[in-house]
Amino acid sequence: MEQEKDFVPKILVFSTDKISDPGIDLAGQQHIHYSPSVYFIIVPCSAGVKPRWILRAFNKGFDGVFVAADGTDCPFSADCSEKTGKLVAYSQELMKKEGVNPARLKMAAVCSVCALPFSNHMKNFSKALSGLGNIQSEKYIDPEEKEKQK
Amino acid sequence: MKEKIGVYICHCGGNISDYVDVEKVRDVVEKEEGVVLSKTTMFACADSAQKEIVNDIKENNLDAIVVASCSPKLHLSTFRNVAERAGLNPYNYVQANIREQCSWAHTDKPKEATEKAIRIVRACVGRVRYSEALEPFTIPAANIALIIGAGVAGMRSAISLADMGTHVYLIEKSHFIGGRVAQMGELFSTDEKGEEIISDLYDEIKKRDKIQLFTGAEVVSVSGSVGDYKAQINIRPRYIVPDCDMNKLKEAIAECKTEIPDEFNFGLTQKKVIYKAYENCRPEIPAIEKDRFNPDQKFLEKYKDCIDLEQKTETLNVNTGTVILSTGFDPYEPEDGEYGYKKAENVITLQQLKRLIELSNGKLEYNNREIKNIVYVYCVGSRQKEGENKYCSRYCCTAAIHAALLCRKKFDSVRGFHLYRDIRTYGKHELLFDEVSRQGDIFFRFNEDESPVVETANGKLQVKFRDILTNNEEVAIEPDLVVLVTGMIPRKDSSTVAGILKTPVGSDKFFNEVHPKLRPVETVIDGMYICGTCQGPKNITESITSSLSAAAKSNSLINKGEIELEPTIIRIDPEACEWCDKCAEICPFDSITKTEYSPDGQKGKTIALVNESTCKGCGMCAPVCPTDAIDIIGYTNNEIESMIDGLIKEV
Ligand SMILES: Cc1cc2nc3c(=O)[nH]c(=O)nc-3n(C[C@H](O)[C@H](O)[C@H](O)COP(=O)(O)OP(=O)(O)OC[C@H]3O[C@@H](n4cnc5c(N)ncnc54)[C@H](O)[C@@H]3O)c2cc1C
Ligand code: SF4
Ligand code: SF4
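So the sequences go chain by chain: R and B. Reminder that position 37 of the first sequence reads as 36 in numbering that gives the first Met the number 0, one-by-one numbering, no gaps. Reminder that position 47 of the second sequence reads as 46 in numbering that gives the first Met the number 0, one-by-one numbering, no gaps.
Source of the hints: derived by calculation from the structure; they are not laboratory data. Mixed in with the good hints, there may be bad ones.
[As the list claims (entries may be wrong)] Output of the computed footprint for chain R on chain B, the stretches with three or more beta carbons under 8 Å from beta carbons of chain R:
| hint | region |
| --- | --- |
| 1 | 79-85 |
| 2 | 108-115 |
| 3 | 500-514 |
| 4 | 605-617 |
| 5 | 623-634 |
[Claimed, not checked] Capping the alpha-carbon separation at 16 Å, the derived lysine to aspartate or glutamate pairs in EDC-like fashion look like this:
| hint | chain 1 | residue 1 | chain 2 | residue 2 |
| --- | --- | --- | --- | --- |
| 6 | B | K559 | B | D227 |
| 7 | B | K648 | B | E195 |
| 8 | R | K85 | B | E584 |
| 9 | B | K501 | R | D78 |
| 10 | R | K95 | R | E143 |
| 11 | R | K105 | R | E92 |
| 12 | B | K229 | B | D244 |
| 13 | R | K59 | B | E640 |
| 14 | B | K271 | B | E250 |
| 15 | B | K408 | B | E357 |
| 16 | B | K110 | B | E649 |
| 17 | B | K371 | B | D227 |
| 18 | R | K59 | B | D644 |
| 19 | B | K275 | B | E262 |
| 20 | R | K59 | B | E649 |
| 21 | B | K275 | B | E258 |
| 22 | B | K508 | R | D78 |
| 23 | B | K371 | B | D479 |
[What the hints assert, rightly or not] Okay, the calculated bits of chain R under chain B, using three or more residues with CB under 8 Å as the criterion:
| hint | region |
| --- | --- |
| 24 | 45-58 |
| 25 | 137-147 |
Where a beta carbon is used, it is the ideal one built from N, C-alpha and C, also for glycine.
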């Protein structure tokens, strides 16, 4: 795949008010650097992120979306990871239909003191997204669709 | 839509402005739709700046404000209050985090940080444009607390609440109060006896009219919501006639021959089926284990003034404003064969040793053998690599070392050999570690991958292990007793309680707080608090500290007779909802039911209905709705999508 030289992927992170957002704040407090093209929207719980918001982000030009999940620290429900996982998987189905590579959506648990793990997630995700290139030039075709077309 | 928005961009001394060009941010944001005023400020949270914002709101009739500064965790409520003081609804305020999530995270890239700050502020302007004025719900609240579990935590909480003017129902499952502390004999770090602490607390409870104590009592259902919970409590009978002649009852106990294992002594002894937990237990009235009791008619006739096997379980319905959970822990019971437990002879747990010390007089004996040498194996049931209990139980290093000191003090020449992974006698408890080492106990360190082997070989109890401290030397000891230093685990029945109260449990299965640092005794359910060891391993000091905190939190919520609830819950669009029940199914708080909807008197349809006082606004229901009928208030599609658009727009 052709890559732009100075391409810095734009990432939208959905963080959670009580768990992952404090972890991300902590990264800042410790002056841990990550890409300045990472942006945040706080929600009450990662299992409450609507798939339509995720699709909106891609349609508007974000190269990747990262759900910083509550994981097992979720104060609302012990099944939070499972529920977040389901909405992520469902969103990926929708992305495929719209020709967006599902690898552009990622989820991982980020706890309220996960400063360094968070910055590592951003590093790795940025790298992966650089491989996929700018969303504007996205030419993803669902392998199943490809199979059907043959 | 808000059309008169004020924006403030904070320097935070230099914390922000050293890396973000705040003037440039202001210049760009000023041109955003709806923004009528934008300023930079040295410290937005300073008194003078707050006053300036209040004046600006009033003078310019602002209908929404954004402060771009530090994290909302620090100052969201500060600036909501500023808005309120100026007569603006506090929910028409949005905080833009350009410090923790911008200037501080990108100190290396000021140009990019400035660009990012512009996007963040724009997004927040977009969000505030769609913000709605919200009013907290005000509901009446009864100044009553229900405390579940009368261990040290529950009892201390009850006393504190009563002293602040709250009426307390204190309910204890067992027929006797005190929980585990009553079982532990002399305690670190004061050498007081557990029994004495319990008796003292009981006396204090009895002095207070505001506390109603029920023993043999269990909650079977809880409904309602904060301020007005309704609890149904079942009270099991003791089968003892109230106010009967105690001497006669003593006679009956002496005559009764049926014995069963005494769980208070962890099975080390037998007890009568008509029993007291221990001699000086509270309340002092015995109870009967009816299921195990088959007296003949003659016995029953003789003692009919004291014993009444016809007593029935009573049901009590109470109203309460808050609920405090202080149900405590279970000591870990090793698996059969774990370090020789129940397989090799003379292998017991720390809790059994504590009872054994209490029951012994002058000589420490077990299985008819005098104990001179004890091997302690630490971290049993805690810090498991493979098993479920990943956590450290905190109390056990100190309790084991304290028990070893007690053995030395009370019985002649009892030596301890301690096999540990790490010693965690934190804080002052380190002095006990010092003391026992000075008295001659010996410490060995093992690797968790090479656990000690405890077995009976040639009729002798033997412990073999490799000691890290002496370069992995293989060591074998033949002690008289092996004590497994067992940790704390969640009570076996705590999932039942969690099911009744809907209070979340964490991955370790202990009850979970909202936030371990900032809100350590609150649960996500309004008016429900947790304290003591039902929340995780704690010693007595720590248990009491949290119980006093839960009492203070509980009282401050209900003492005014009414409560304000956060309005950020979910909302259902009745036109879009098709009642598929997916939201009701996923809601962890059972907050969604159904209702009939017929706006124009025509034939209606069934739609979802939110219970506003139990909905927590987690929004888990929102993504599953097939018709997108659910909005999370404060996080509506309009608000979130305008943030997305603001973040991506080119600078
Ligand atoms: C071997 C050992 C030695 C220890 N030594 C020390 C020491 O020396 N110093 C020290 O500071 N700490 C010590 N501890 C720790 C101490 O025991 C705990 O900190 C303390 O017991 C915690 O009190 P609690 O009230 O949280 O729980 P608990 O003592 O467990 O009391 C909980 C109470 O709630 C009741 N309950 C449970 N479920 C229900 C229900 N559904 N309905 C109604 N009632 C219910 C229980 O019956 C019980 O009475 C020791 C612990 C162990 C295991
Ligand atoms: S307190 Fe000590 S014995 Fe208990 S789990 Fe922690 S390290 Fe192990
Ligand atoms: S999921 Fe949506 S459509 Fe289904 S009942 Fe709930 S609000 Fe109505």
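Hint-by-hint comparison with the structure:
{"no.": "1", "hint": "79-85", "in the structure": "violated (count 0)"}
{"no.": "2", "hint": "108-115", "in the structure": "holds (count 5)"}
{"no.": "3", "hint": "500-514", "in the structure": "holds (count 8)"}
{"no.": "4", "hint": "605-617", "in the structure": "holds (count 3)"}
{"no.": "5", "hint": "623-634", "in the structure": "holds (count 4)"}
{"no.": "6", "hint": "B:K559 / B:D227", "in the structure": "14 Å, holds"}
{"no.": "7", "hint": "B:K648 / B:E195", "in the structure": "69 Å, violated"}
{"no.": "8", "hint": "R:K85 / B:E584", "in the structure": "15 Å, holds"}
{"no.": "9", "hint": "B:K501 / R:D78", "in the structure": "13 Å, holds"}
{"no.": "10", "hint": "R:K95 / R:E143", "in the structure": "10 Å, holds"}
{"no.": "11", "hint": "R:K105 / R:E92", "in the structure": "13 Å, holds"}
{"no.": "12", "hint": "B:K229 / B:D244", "in the structure": "37 Å, violated"}
{"no.": "13", "hint": "R:K59 / B:E640", "in the structure": "10 Å, holds"}
{"no.": "14", "hint": "B:K271 / B:E250", "in the structure": "13 Å, holds"}
{"no.": "15", "hint": "B:K408 / B:E357", "in the structure": "13 Å, holds"}
{"no.": "16", "hint": "B:K110 / B:E649", "in the structure": "14 Å, holds"}
{"no.": "17", "hint": "B:K371 / B:D227", "in the structure": "58 Å, violated"}
{"no.": "18", "hint": "R:K59 / B:D644", "in the structure": "7 Å, holds"}
{"no.": "19", "hint": "B:K275 / B:E262", "in the structure": "12 Å, holds"}
{"no.": "20", "hint": "R:K59 / B:E649", "in the structure": "11 Å, holds"}
{"no.": "21", "hint": "B:K275 / B:E258", "in the structure": "13 Å, holds"}
{"no.": "22", "hint": "B:K508 / R:D78", "in the structure": "13 Å, holds"}
{"no.": "23", "hint": "B:K371 / B:D479", "in the structure": "6 Å, holds"}
{"no.": "24", "hint": "45-58", "in the structure": "holds (count 9)"}
{"no.": "25", "hint": "137-147", "in the structure": "violated (count 0)"}
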